[in-house]
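K.L.:
One letter stands for each residue in the lines below.
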Amino acid sequence: MDHAAFIFSAYAFAAFVIAALTGWIARDHRSLTRTLADYERRGLTRGSGRNTQ
Amino acid sequence: MPIMDLANPSRFLSLAGRVLPWLSAAAALVLAYGLYRVYGAPDDYQQGATAKIMFIHVPSAWLAMALWGAMSLAALGTLVWRHPLADVAAKAAAPIGAAFTLICLITGSLWGRPMWGTYWVWDARLTSVLVLLLMYLGVIALWRTIEDPSRAARAVAVLTLVGALNLPIIKFSVEWWNTLHQPASVLRLGGSTIHPSLLVPLLVMAAGFFLLCAALLLASMRNEIFRRRIRTLQMMQAETARG
Amino acid sequence: MTALASLFARDLRVATRIGGGAMIGVLFFLIVVSLVPFALGPDLALLKRVGPALLWLGALLASLLTLDRLIAADHEDGSLDLILMSETPLELALAAKACAHWIATGLPLVVATPLFSLLLNIDAAAIGTVTLTLLVGTPALTFTGLIGAALTVALRRGGLLLSVLILPLAVPVLIFGVSAANAGSPEQPSFATPFTILCGLTLISLIVGPFAAAIALRHGQD
Numbered sequence: 000m001d002h003a004a005f006i007f008s009a010y011a012f013a014a015f016v017i018a019a020l021t022g023w024i025a026r027d028h029r030s031l032t033r034t035l036a037d038y039e040r041r042g043l044t045r046g047s048g049r050n051t052q
Numbered sequence: 000m001p002i003m004d005l006a007n008p009s010r011f012l013s014l015a016g017r018v019l020p021w022l023s024a025a026a027a028l029v030l031a032y033g034l035y036r037v038y039g040a041p042d043d044y045q046q047g048a049t050a051k052i053m054f055i056h057v058p059s060a061w062l063a064m065a066l067w068g069a070m071s072l073a074a075l076g077t078l079v080w081r082h083p084l085a086d087v088a089a090k091a092a093a094p095i096g097a098a099f100t101l102i103c104l105i106t107g108s109l110w111g112r113p114m115w116g117t118y119w120v121w122d123a124r125l126t127s128v129l130v131l132l133l134m135y136l137g138v139i140a141l142w143r144t145i146e147d148p149s150r151a152a153r154a155v156a157v158l159t160l161v162g163a164l165n166l167p168i169i170k171f172s173v174e175w176w177n178t179l180h181q182p183a184s185v186l187r188l189g190g191s192t193i194h195p196s197l198l199v200p201l202l203v204m205a206a207g208f209f210l211l212c213a214a215l216l217l218a219s220m221r222n223e224i225f226r227r228r229i230r231t232l233q234m235m236q237a238e239t240a241r242g
Numbered sequence: 000m001t002a003l004a005s006l007f008a009r010d011l012r013v014a015t016r017i018g019g020g021a022m023i024g025v026l027f028f029l030i031v032v033s034l035v036p037f038a039l040g041p042d043l044a045l046l047k048r049v050g051p052a053l054l055w056l057g058a059l060l061a062s063l064l065t066l067d068r069l070i071a072a073d074h075e076d077g078s079l080d081l082i083l084m085s086e087t088p089l090e091l092a093l094a095a096k097a098c099a100h101w102i103a104t105g106l107p108l109v110v111a112t113p114l115f116s117l118l119l120n121i122d123a124a125a126i127g128t129v130t131l132t133l134l135v136g137t138p139a140l141t142f143t144g145l146i147g148a149a150l151t152v153a154l155r156r157g158g159l160l161l162s163v164l165i166l167p168l169a170v171p172v173l174i175f176g177v178s179a180a181n182a183g184s185p186e187q188p189s190f191a192t193p194f195t196i197l198c199g200l201t202l203i204s205l206i207v208g209p210f211a212a213a214i215a216l217r218h219g220q221d
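Chains as they are written, first to last, in numbering that gives the first Met the number 0: chain A, 0 to 52; chain B, 0 to 242; chain C, 0 to 221.
Among the clues, some could well be false.
[As the list claims (entries may be wrong)] Listed below are several chain B residues computed to face chain C (Cβ distance under 7 Å; list not exhaustive):
hint	residue
1	Leu28
2	Leu30
3	Ala31
4	Met134
5	Thr144
6	Pro148
7	Arg150
8	Arg153
9	Ala154
10	Val161
11	Asn165
12	Leu166
13	Ile169
14	Ser172
15	Trp176
[Unchecked claim] Per the computed footprint, the stretches of chain A lying under chain B, defined by three or more beta-carbons under 8 Å from a beta-carbon of chain B, are:
hint	segment
16	6 to 12
17	29 to 37
[Said to hold, decoys possible] Pair ranges (Cβ atoms, derived):
hint	chain 1	residue 1	chain 2	residue 2	range
18	B	Tyr38	C	Arg48	45 to 51 Å
19	B	Asn7	A	Gly42	23 to 29 Å
20	B	Trp21	A	Glu39	23 to 29 Å
21	B	Ser149	A	Ala3	48 to 54 Å
22	B	Glu146	C	Asp80	52 to 58 Å
23	C	Gly77	B	Trp21	52 to 58 Å
24	A	Glu39	B	Pro148	19 to 25 Å
25	C	Ser85	B	Gly16	46 to 52 Å
Quick caveat, the hints were computed from the structure, so don't treat them as lab data.
All C-beta atoms, glycine included, are put in the ideal place defined by N, C-alpha and C.
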């Protein structure tokens, strides 16, 4: 493996981890807002009355 | 005081929602510029082009440390002031910190292979980062093991602060241990000084990483607040179901 | 008898009585020390070289084994609440418990070390050094482990998580303990430096351990 391959792997790995982290946060966000909207639709609210911002 | 306004989660949510797009855009732009500078950076006369790995390795090391610092501040917020967002910030920061620690380790390993022939060297910095990763994973494990979020936050806060105290001790111990077992060559990843033409790309990449990390942290905090609201709703629902 | 002294005596009695703590720790220590030659091969020169390190590792693991019951047992039978409610400062009570625990489980490890050193072909002077470093170092392991015990008190499978949390904190103790134990070999000439640092680490743990554990317990209760 020559030097270019190492450099490429390093950047690729970093990009992969960052993409995975971003993807996980984004997917979580979608599912959480969906669940909150679901609760709101069913009429369940917390004390302050609003579930989502 | 503006900081106190942020203490209200709803306020925080609206602020985060407004800031996040700009922050993400800024991160993307700075990183793009950084990569451009990296591409154009001259080869290090000793290490050749593989020095370019440094432009990710060093910023992720900085972030790994900085995030533990952020978690420690959050820990103080939890234990001393009972600040409502401190718990959220601490929990959100842990996986991000672990991710950047992992990036630091792997890129360090990939840097070491062409340099010294092995994928792993037990030099002071890499070993300290390995221990830091273990500490991050321990914190994440503790978050996941204690059910109640407030109790978990307080336990993690103690662990984080003890860990913060431990980090300089670890650094010192590992450096000392390292000089014992590697008397001959001083294997310092990154070399002793950084040439100015390499400094600018490094700082640009570091800035980009920090912006990226801030964006991820805000987004993750937002998710965590939603998660807690859902938990409250579930508990309320269970209450009313019991009648 | 003051409350503190009676807590100490009670912990000591419990740890030594219920067949658990003391002897199991030493037995585990022996097993680890015996396992390693099976893994490494019976090369006596090699064993002599790595002997002190192996003893330290064995002592570390054996210490971790017994720690999870330290506070969890009190939590289960309600005596933890009594301790929290009493007038005795929580930090002192925890320190007393940790002391009793060390005497019951750590000290036997130290006493067993010279005997187990023979299994690893360590020479006489080195046996003395290793034993001394373990004598000074095992309290650090117990008092640092106290923090993990406090953090994992209410968890069912706390033991493994406790080890995971405590091991990074135990690394400096291990590094300096083994360095001091290896003193006299070409790569580690000085004994005084690592040994003094080890003493320092132990002293720090004697303070930080009970304080951090107390904070963890207090905040964990509401």
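K.L.:
Which hint numbers doesn't this structure obey?
P.N.:
Of the numbered hints given earlier, those the structure breaks are 1, 2, 3, 6, 12, 22, listed in rising order.
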